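Undergrad: If you want the building blocks of each chain, they are given just below.
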Amino acid sequence: MSLIRLQNISRRYQMGTETIHALRDVSLEIQRGEYVAIMGPSGSGKSTLMNLLGCLDTPTSGTYELNGNNVSEMDDNELAEIRNREIGFVFQTFNLLPRSSALRNVELPLIYSGIDFDERRQVAMDALTSVGLADRVTHKPNELSGGQRQRVAIARALVNSPSIILADEPTGNLDSKTGVEIMALFEDLSQKGNTVFVVTHEEEIARHARRILRIRDGLIASDEQVTK
Amino acid sequence: MNFLTELKEGLAIAWDAICANKMRSVLTTLGIVIGIVTVTLMGTALDAMNRAFHNSISIMGADTLFVQRFSWMARSQGEWHKFQKRREITWQQAKEVEKQMTLARGIAPVVSMKRSVSYQDRSSSRVSIIGSTDQFLITSGFTVDLGRFISAMEAEAGRPVCVIGTDVATNLFVNESPLGKRIRIGSRSLEVIGVLTKQGKFMGIESLDNEVIIPVQQLLTGYWRDPDFQIQVKISDIKTLEESKDELRGLMRKIRRLNPGDEDDFAINQQEQLVEMFNRVAKIIATVGLLVTGLSLFVGGIGIMNIMFVSVAERTREIGVRKAIGAKRRTILLQFLIEAASICLIGGLVGLAITALLTWILGSFMPIPVTLSFPVMGLAILVSLLTGVASGFFPAWRAARMDPVEALRNE
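First to last, the protein sequences are chains R and V. Under my numbering, the final residue of the first sequence carries the number 298; numbering is consecutive throughout. Under my numbering, the final residue of the second sequence carries the number 921; numbering is consecutive throughout.
Bear in mind the hints are in silico, worked out from the structure with no lab data behind them. Don't take each hint at face value.
[As the list claims (entries may be wrong)] In silico lysine-lysine, DSS-like type, Cα no more than 30 Å apart, as pairs: (1) R:K210 with V:K518; (2) R:K210 with R:K247; (3) R:K210 with V:K624; (4) V:K532 with V:K518; (5) V:K624 with V:K691.
[Said to hold, decoys possible] According to the in silico footprint, chain R covers these stretches of chain V (three or more CB under 8 Å from chain R): (6) 515-527; (7) 820-834; (8) 837-845.
Predicted model, so just to flag it, every value in this text is computed and none were measured. Every residue gets a Cβ at the ideal spot worked out from N, C-alpha and C, and that includes glycine.
Let the hints inform the model, and build the full structure from the sequences given.
TA: Following this line, the structure appears as structure tokens:
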């Protein structure tokens with residue numbers, strides 16, 4: 071069974087009197103363990119697709135099954151639970167809580183899933199260790215470099231052992247050397263069996279993935295396997 | 511996520527947010543502090559007033575009736591004028607009541623006036639001179655501390671004797687016993703035969719010990735020929751209060767020769783009426799007072815609401831991140847509610863501390879005892895919490911309902 075199955079997904083927005091078709095009748099299947107890059111110019115619908123995949127948004131029509139759950143029918147609270155359990159987000163601007171330490175930032179998803187203190191601390195420590203930040207746990211985001219911040223964000227995305235990791239332009243705010251390091255981390259995660267999505271507009275970044283989806287005008291323009 | 515961890519988490523976040531904006535938090539809290547101080551001070555003042563009144567009134571006794579031209583329950587100036595036009599109650603009428611009333615333990619005609627009293631070179635002005643009989647001891651509930659009270663015979667014959675209150679005793683007599691001494695009231699001198707037990711002050715203001723009791727006949731011949739009497743009746747049993755009142759009323763109507771259709775031209779007053787009237791006035795004072803002071807709390811609440819809206823707007827992105835990570839609406843709602851309630855609770859506690867200090871300072875030079883009571887304290891804490899929840903609700907609701915996609919897009 072596929073991990074992700076989108077069937078005839080459409081997403082329309084009302085902008086004044088105009089209806090914007092961000093996605094038009096998109097169908098897609100993703101298997102567990104895939105490493106997918108989503109590409110497309112701005113306004114193509116790639117952000118909408120990512121928001122739908124991340125359960126931040128629901129489709130206007132069509133069905134979305136994630137790990138056997140019919141997500142398209144869920145209400146706000148159920149979606150929050152799915153996001154907590156099944157999805158790890160990595161953002162372009164890191165989006166860490168500025169006043170909390172790295173450890174607390176990583177603990178946050180565990181707090182929302184109701185894991186008790188001792189286990190929480192242990193799991194969060196392990197996640198930070200796995201991204202190479204075991205010696206930075208008490209640092210606040212503003213005491214860390216960009217690359218380190220993104221590693222904290224990745225640790226946070228991993229900590230609940232989600233079904234998919236969704237990275238939106240993860241190297242967009244990093245210099246190219248750090249970007250390479252971060253992409254190596256995603257490569258590593260993929261090797262370990264995680265399902266990873268990277269949204270990017272850089273061909274070079276997309277080349278790290280095994281499969282590239284190109285979105286244009288709300289449609290999947292191409293779907294290619296990367297040969298290495 | 512269970513409620514307890516949610517609460518703990520909410521408190522931690524609230525504390526972070528409060529610390530992150532110290533100046534803003536202090537200023538916002540100030541509004542609540544002022545609100546709570548005014549409300550609790552008002553509550554404490556009302557408390558003290560009530561207590562003082564009820565302590566004072568209990569001296570009077572619930573089983574004493576006061577027959578007078580004036581009703582204590584006068585509702586308007588018009589009524590007051592009506593009372594003034596009524597015929598005076600004479601000693602003759604008082605004597606008739608005394609002779610015919612059956613359901614009474616004691617009946618005393620009472621006349622009082624203010625005069626200066628002197629002994630040798632010491633004098634005391636504006637002392638209540640009360641003309642009455644031996645029965646006054648029963649109806650007033652006073653007791654004699656030194657010596658004895660006026661006897662029936664002395665009262666009837668108008669002997670030049672008197673019984674004085676403790677204030678008069680301490681004002682006129684230094685290092686000597688008043689008993690057997692002669693004090694001057696106006697042109698006459700009277701022998702002190704007794705001193706009353708200390709009564710204290712009415713409402714902490716008017717002393718109940720600044721009086722001289724003289725035989726009624728002495729007062730009539732020496733000072734005031736045709737005064738308006740008050741008849742004090744101590745009834746025999748509180749259980750037959752209504753019967754006693756009925757008997758007294760019938761008797762007074764007969765004595766004052768009222769026709770069956772006529773309205774009473776006298777009033778039978780009792781402590782209960784006074785309590786009732788006081789309660790009515792107290793309720794108005796309490797309502798107006800708490801309304802006015804509550805306004806300041808309301809303004810404080812608006813301040814909290816305002817700052818919470820700012821806080822929510824500032825942290826839109828954080829809300830988006832929390833939602834993306836799995837925070838439910840309820841979690842976000844609770845987080846901001848706790849933040850608002852924490853600010854208010856801190857304000858409430860600080861306000862209470864200030865009130866406690868103020869009460870302590872005021873209490874040390876007020877004539878009546880003033881203390882911050884536990885109900886007022888509990889209420890203050892509850893009210894501050896409620897203010898927090900009420901004023902935090904709309905901002906928290908707005909935060910909870912945010913669309914995560916929109917919130918994450920916010921710069």
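Undergrad: Against each hint, give a clear statement of whether it holds in the structure.
TA: Evaluated hints:
1. R:K210 with V:K518: holds (21 Å)
2. R:K210 with R:K247: Roughly 23 Å between the alpha carbons, so the hint for K210 (chain R) and K247 (chain R) holds.
3. R:K210 with V:K624: This hinted pair is violated, its Cα atoms lying about 81 Å apart.
4. V:K532 with V:K518: Roughly 21 Å between the alpha carbons, so the hint for K532 (chain V) and K518 (chain V) holds.
5. V:K624 with V:K691: Status holds; Cα separation ~21 Å.
6. 515-527: holds (count 3)
7. 820-834: Answer holds; 7 residues pass the 8 Å Cβ test.
8. 837-845: Holds: 5 residues of the stretch 837-845 of chain V have a Cβ under 8 Å from chain R.
Going through the hint list in order, the structure does not satisfy hint 3, though it satisfies all others.
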